[in-house]
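J.: Listed here are the chains, written in short residue letters.
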Amino acid sequence: MKQLNFIDKIKKIKIDIRAYTLIFALIVIWLLFGSLTGGVFLSSRNFSNLLRQMTIISFLAIGMTPVIITGNIDLSVGSMTGFISVIAAYLQAILLPTFLPGLFPALSVELLGIFSTIITIIICLLLGLLIGMGQGYIIAYGGVPAFIVTLGGMLILRGGLLAVAQGKTIVPIEDSLRVMAQGYLTKYPGIIIAVIAIIILFLVTLQSRTKKTQYGLKIKPLSYDLVVTSLFSAIVLGFVLVMNSYRGVQIPVLIMAIIAVMVTYLTNNTRFGRHIYAVGGNKEATKLSGINVQAVVLKTYALMGLLCGVSGIILTGYVAAGTTSGGMNYELSAIGGCVMGGTSLMGGIGTVFGALMGTLLMTSIENGMSVMNMSVFWQYIVKGLILVLAVYVDVTSRKNKSL
Amino acid sequence: MKDEYILRIENVTKDFPGIRALSNVSFKIKKGDIHGLCGENGAGKSTLVKILAGVYPNNTYQGKIYFNEKELKFTSYSIEEAIKEGIATVYQEPVLVPQMTVGENIFLGREPGDKGIINWSKLFSDTKEILNKYKLSVPFFAKLSTLSVGQQQMVEIAKALSQEIKFLILDEPTSALTEAEVNYLMEMLKNLKDNGVTCIYISHRLEEFFRITDNITILRDGQVVNTVKTTDTSVEKVITMMVGREMKKRFPVRDSKPGEKILEVKNLSVSAQNKMVIKDVLFDLRKGEILGIAGLMGSGRTELVTAIFGEYGKHVTGEIFLEGKPVTIRSARDAIKYGISLVPEDRKKMGLVLIQEVYKNISLPNLRKFSNALSIDKYKELKECQKYADDLSIKTPSLFTITESLSGGNQQKVVIAKWLMSNPKILILDDPTRGIDVGTKYEIYNLINKLAKNGVGIIMISSELEEVLGMSDRIMVMREGECTGILDRKDATQERIMALATNLKRSYRYN
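Note that the protein sequences, when read in sequence, are chains A and B.
Residue 1 is where the first sequence starts when you use the numbering used here, and the numbers rise one by one after that.
Residue 1001 is where the second sequence starts when you use the numbering used here, and the numbers rise one by one after that.
One thing to keep in mind: the hints can contain errors.
[What the hints assert, rightly or not] Computed Cβ-Cβ distance ranges for the label pairs, DEER-style: (1) B:E1207 x A:T213: 46 to 54 Å; (2) A:F147 x B:Q1273: 25 to 33 Å; (3) A:T213 x B:L1108: 54 to 62 Å; (4) A:M374 x B:K1070: 57 to 65 Å; (5) A:K218 x B:Q1099: 45 to 53 Å; (6) A:P221 x B:D1015: 28 to 36 Å; (7) B:R1368 x A:F104: 46 to 54 Å; (8) B:F1400 x A:M374: 39 to 47 Å; (9) B:R1250 x A:T213: 31 to 39 Å; (10) A:Y141 x B:T1013: 50 to 58 Å; (11) A:K168 x B:R1368: 50 to 58 Å; (12) A:K218 x B:A1272: 31 to 39 Å; (13) A:F147 x B:N1372: 50 to 58 Å.
[What the hints assert, rightly or not] Subject to a maximum C-alpha distance of 30 Å in a straight line, what follows is the list of computed DSS-like cross-link-like pairs (lysine-lysine): (14) B:K1166 x A:K287; (15) B:K1275 x A:K283; (16) B:K1266 x A:K218; (17) B:K1266 x A:K287; (18) B:K1166 x B:K1084; (19) B:K1166 x A:K211; (20) A:K220 x B:K1387; (21) A:K211 x B:K1369; (22) B:K1450 x A:K287; (23) A:K287 x B:K1387; (24) B:K1383 x A:K220; (25) B:K1337 x B:K1450.
Read the hints as simulated data drawn from the structure, not as lab findings.
In this text the structure is predicted, and so the values were computed from the model without any measurement.
Note that CB positions come from ideal geometry on N, CA and C, so glycine has one too.
Looking at chain B on its own, in the form it has when it is part of the complex (with noise of 0.2 Å):
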């Protein structure tokens, strides 16, 4: 009965200069099924992704991989081997060209024609076929950066399913994209599974494996801690596998209690290319409370706070209250000498100097702390830094380490660390902890509340849904750049915010 397993996994051992990536790893994974991977940032699910991706190759680790019952021995340091046996991966930022066509990015390199001149009206039906048979619903003639993540996502998928691929791994596909989206993949993920194709399904959000996966393998410190049947088990068991230990609450508890109003925003309004992206906005926000912003992506919840944020320059208008005085915010250097932060959405683009030392990030927008116009106190800057390290616990070999090489959970708590260090009054975090592991979650979130028993208000954006209720005081719901109604954390449920968020009505609350 062996041949009913399309990738068996045996004892593969990987190791890295000093550490050791995987260890022992074994695991069958059954044809025809969404197998799942889970663990936290580090336990080894990219290293063993690369290893099937081909992009390390076989002389560099130990053990064996079957696919199709064929060993498999890439040689070169590049996926086109991968693809050539017919596994594909697809990551959660779509690797393909912008200023193409779909059409024209699926069949990239292999466009159909002859003696090099392309034969348009095949690729586009080529196009066409493909995209209908696996109910892809993208434009096929649009270009890529018209696209949303999800869709162009579905266009990689599209173009590993043009090259016969029948071994998909999608690796943290729905970090990036909105609940609407998932919802949609996973439509869409079982339609392939229909279709006869294989996939390795890695995620941060639990209650995906939950709604799609038939088999879950654990990873935890480069081991497989279990691979179990999804129906067998329950998110708190995983969890436990995952960490090692008990985990009881997703988040903590804190008693909240908001002092003043610190920040009042009425009418705000942003237009930016001849287009209304928020549209008279009102709300306000305490000392010591955690505002929760949900939405769908696009809903205007980033483009909210960045124009808190100055990064929309004139183009806001409506008034802002700090502590009751009226303030102008035309730039991020206004914003932070009024006291206010904010981690942005993307910290690799906006938050971090990703080649720079973990030091020279945190100190970066604080220089004035420990600088005179003609020198840096370099030692009392490393003083500090090291006193914000430690409070967040950031997992780092020393200061000196360049921000790239740490993990994505790290890498936030660097981001979160700089703006600490500059006291704000009013910390703003867009989607913190988006693809970060449950227990770097766990530790951001006791961070956020101890912030807001300090006194800190707190506006914090969040893509999921459970994450906002569990944290928040109120929540602010936001659609198509408007606010379709603030609750009260008693009163709010997911169905409430899906349904503030989706529905076209209108009814606005404010008090």
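So that you can see chain A by itself, here it is in the shape it has in the complex (with noise of 0.2 Å):
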């Protein structure tokens, strides 16, 4: 038995590897545009730009991550972002300022401002719940491939976003929606949410000690548990500072970090959770366990459905408008994102963080690309030319393990 203990130790540190690589890769690139630019791209400006850049794919490639696992596909992602930020401005600049005022006259321009946007937010969420949920019933339970429900639902939310901008682009939002993904935290409420995120990830380490003990299970030393929670800590609290030696934490950033958060601990610490990486390993045994394999598949795709109502928000009150293109081409580089940070298109394997990672890693080779000033061509091409590469390493490398 000791010498299997020590396969499987061999096997455990490859699978750290695996892990790292996608941050090593991350790191060579940031290095190399950082030499390149002269500077210019390691700048705090710069990384703060870039992690807005990421957001609005972020939210997709998190959603994206269950879907993927489940061995589905969501190519409508990227139409129902558009489409949902277009009622979403069409909500905040036509329809709500017609009636809003007649309703609430009482109300000053501000507050009704603010009101327009809560409503826009509710409705908007409702509306991407109802199409995932929509789109997943039909693959869950009328059984067809996901591929094709979502492929037709790129078209028709395409469709549907035309039809309601008529080809125009839809201003102005309110001020309070642009802040949602404009605005900046101050100084100290950075600092302030920083130092809550380390209480937590201490009192969670030390609550993970004692339950531990509790089951008589063995604990590592707490030296250890508290050399990398502290290690953690010291990235949370690098990352405000550097944000704020620029202009502070970007609200939309921290929104991705919230929802990363709970979507991880969705995957990670729940039923659903488990059910969703069984489905995508072995649909027949799973449901042979009791487990209602078409609900599972319908959850994924409603919590995709919710998440492109965020990431539709965030777009509208970027753009401040709601425009005809919006959302073109996300769903690929959701989908690009998932691959690269390890998700499996067989299903069965991946995670929200390395989505994230993915998602990191092809935003900066975007980025880096334009500070550069190099043609946008060039940025298509590269970009997927080191999708397949990544995909590609990643093959290999598990061949070579299951040799």
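Mind docking these for me? Both chains are given alone in their own frames, and the hints should help you get the complex.
T.: Here's what the structure looks like:
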């Protein structure tokens, strides 16, 4: 048994290496662009831009992860983001201003604006949820392949977008919505949030240690856990300080971080999360274990739809308008980010963290090349090459492992 | 006299990281012999087969292998080289294209023709010729997907023979076959032998060695224990050599005292795709009883238990009573809710999520035990899983090991552990010891007996008559979707079961 333990250790190290390859690649690319652009790429200003660029795609990549883990795909997310974005703009610029003041004549313009934003957010999230559930229902219960259903959804929603926008750019957008996508936290709230996050990190670590002792499981030395937690804390704090040296932590980045933590928790710590991985790993065995496979698939699409809603709202706030080209090709960037981050299109494997890292890598390449003033065509070609290369490396590393 | 040996293996040693799979293995195989190779799971059989089949090239192991007095030196990780040398391997699960016909499969990649255009008439006539020459009864124009596993293996063998192969490795060819198909395969192998083909034959069913092999080589822990002439040995002696200890009984003894009725099935019928798969089946099960189900493959035995488990949804008619109360089971969820668990026939396809860790497989149907709507108590989960892993002595480096890397027997234990954790009232086991070594089989038998003693009602399907006879209190025999008889342990013999399983005459008895 001792010998086998040894093999297991090797395997574990290998898996960890796989997870770190991406971070390593990211650092290499950052340093590369940093030197090519004479440090401009690594400035806190550019870093801040980079993160904002990735947020809208990252919502989609986070939602796409459970979908791909169950062995499905969603091609409609780009169109859905665009559609919801236009709906948000339509609500804010055209529909709500026509009757909100009439309904609440006593409210000030500012308050009406906030009110309008709240209504817009609720409607957009509900809309995303509903569209996602509709597609999920057809896939899970109707038995139509996900590729077809969401390809259809992609066309229908793009059509819907054009119908609502009528070829025009819809403006104006309320300030309160724009803040959600463009605003910064000032210095101290940023630090306070970082401190809260760090406290939570330590509490979780300590709680897991007490639990382990309670069930008589082996625990790592306290010093080890403390060092690891401190390291993560340093990263969080360092991030906030770097951001503060420019204009502060961006609100959309904060939203992204919160959603990423929530979905990570969902996939790792809940029954639903377990079921997602099981369905992707072996649908038949999961069904025979008494799990409602169809409901699991439906829920992943519902979550995807909800996140398309978030993405659409942030897109509108960021562009400060509803545009006809909104969300174009986002589905490919989101899927690319997931796959780059180690999510297997065969299902059963993948993490939200990986998807975020993958998206960050793709965005870094895009951003670095535009900072270098390279033509757009190069950006497409390089992104395409790197995507294929990343999956090739992944596939070969898996092959070697199985031998 | 050296040239009478077609294959000589000399001091072959093969290491994997941290473990020695083969250690100084040497033996010889005579031309035209059927040479048995046996050993428990993990004894090194598969590794040896992979070396001979060219999966592990020459530089990955030490030692020498001579084939027809020429040293084998494969350089790539592919079986092409081995086939060129004249060595072909037939696996337990045929590796063929299900959408193609027999002929197309046999000549896949070597289609007769000119400039890329296939000469279909030559392909079909060649196919016919091969099938006739070796007396393989397979319809040559049939699509692979319409054939039974047994017939598909015939096609695999035909494919090998069509390439002028004179040396076949059969890796557990019978583990997915019914008794009748096994008999047929045995006949066919004798036929091949008469045609000068040499075979290495691997099986977990030791009796088979005594029906066809000339010599048997026994492996244990990567070493050759002995090579013996089949006529000079016995099943008991081979088992002793395999496990390295005296194994007196194949089946553990138990005193059965079945309690009150726990399950009653009345007039259960299943129709799927306009076909009656199960017709009017009537039986009952008592607490602490082991009801064996015997029948050939395709007799409806698997369909019967999966129907009880809810797999056929609304296509089931008839009544099921649990502890006297009528119940409707439309899905696996319903069945589990009522305390029925099923260890399915194909553990890899239906029982396990192979790419996941051991503990996740064990806890999959039982997550509610240690979770609320918001979170899973992972530590409680690990603790519980560890308990079952220890109880069943699952041999795994840790609970975090990927299930795929365990041996077949241990994978089956994981499936059983997962269902034991759900505390079933009725446990259905569909051929639970298929492809599992003797030692682990015995452990599983013990476990089943222990459960029965604790009052669990057990239904156990088996392809091996001896197993059904050795384990069951009563034996239900099925044929073409019908129950052709239920025998008490004391009245049951192999002959009576086979008669019921194959005879058309319906001698239905039930009380």
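J.: If a hint holds in the structure, say so; if it doesn't, say that too.
T.: Each hint tested on the structure:
{"no.": "1", "hint": "B:E1207 x A:T213: 46 to 54 Å", "verdict": "holds (53 Å)"}
{"no.": "2", "hint": "A:F147 x B:Q1273: 25 to 33 Å", "verdict": "holds (27 Å)"}
{"no.": "3", "hint": "A:T213 x B:L1108: 54 to 62 Å", "verdict": "holds (60 Å)"}
{"no.": "4", "hint": "A:M374 x B:K1070: 57 to 65 Å", "verdict": "holds (59 Å)"}
{"no.": "5", "hint": "A:K218 x B:Q1099: 45 to 53 Å", "verdict": "holds (51 Å)"}
{"no.": "6", "hint": "A:P221 x B:D1015: 28 to 36 Å", "verdict": "holds (34 Å)"}
{"no.": "7", "hint": "B:R1368 x A:F104: 46 to 54 Å", "verdict": "holds (47 Å)"}
{"no.": "8", "hint": "B:F1400 x A:M374: 39 to 47 Å", "verdict": "holds (45 Å)"}
{"no.": "9", "hint": "B:R1250 x A:T213: 31 to 39 Å", "verdict": "violated (45 Å)"}
{"no.": "10", "hint": "A:Y141 x B:T1013: 50 to 58 Å", "verdict": "holds (56 Å)"}
{"no.": "11", "hint": "A:K168 x B:R1368: 50 to 58 Å", "verdict": "holds (53 Å)"}
{"no.": "12", "hint": "A:K218 x B:A1272: 31 to 39 Å", "verdict": "violated (50 Å)"}
{"no.": "13", "hint": "A:F147 x B:N1372: 50 to 58 Å", "verdict": "violated (36 Å)"}
{"no.": "14", "hint": "B:K1166 x A:K287", "verdict": "violated (45 Å)"}
{"no.": "15", "hint": "B:K1275 x A:K283", "verdict": "holds (26 Å)"}
{"no.": "16", "hint": "B:K1266 x A:K218", "verdict": "violated (52 Å)"}
{"no.": "17", "hint": "B:K1266 x A:K287", "verdict": "holds (26 Å)"}
{"no.": "18", "hint": "B:K1166 x B:K1084", "verdict": "holds (11 Å)"}
{"no.": "19", "hint": "B:K1166 x A:K211", "verdict": "violated (63 Å)"}
{"no.": "20", "hint": "A:K220 x B:K1387", "verdict": "holds (21 Å)"}
{"no.": "21", "hint": "A:K211 x B:K1369", "verdict": "holds (17 Å)"}
{"no.": "22", "hint": "B:K1450 x A:K287", "verdict": "holds (28 Å)"}
{"no.": "23", "hint": "A:K287 x B:K1387", "verdict": "holds (25 Å)"}
{"no.": "24", "hint": "B:K1383 x A:K220", "verdict": "holds (17 Å)"}
{"no.": "25", "hint": "B:K1337 x B:K1450", "verdict": "holds (23 Å)"}
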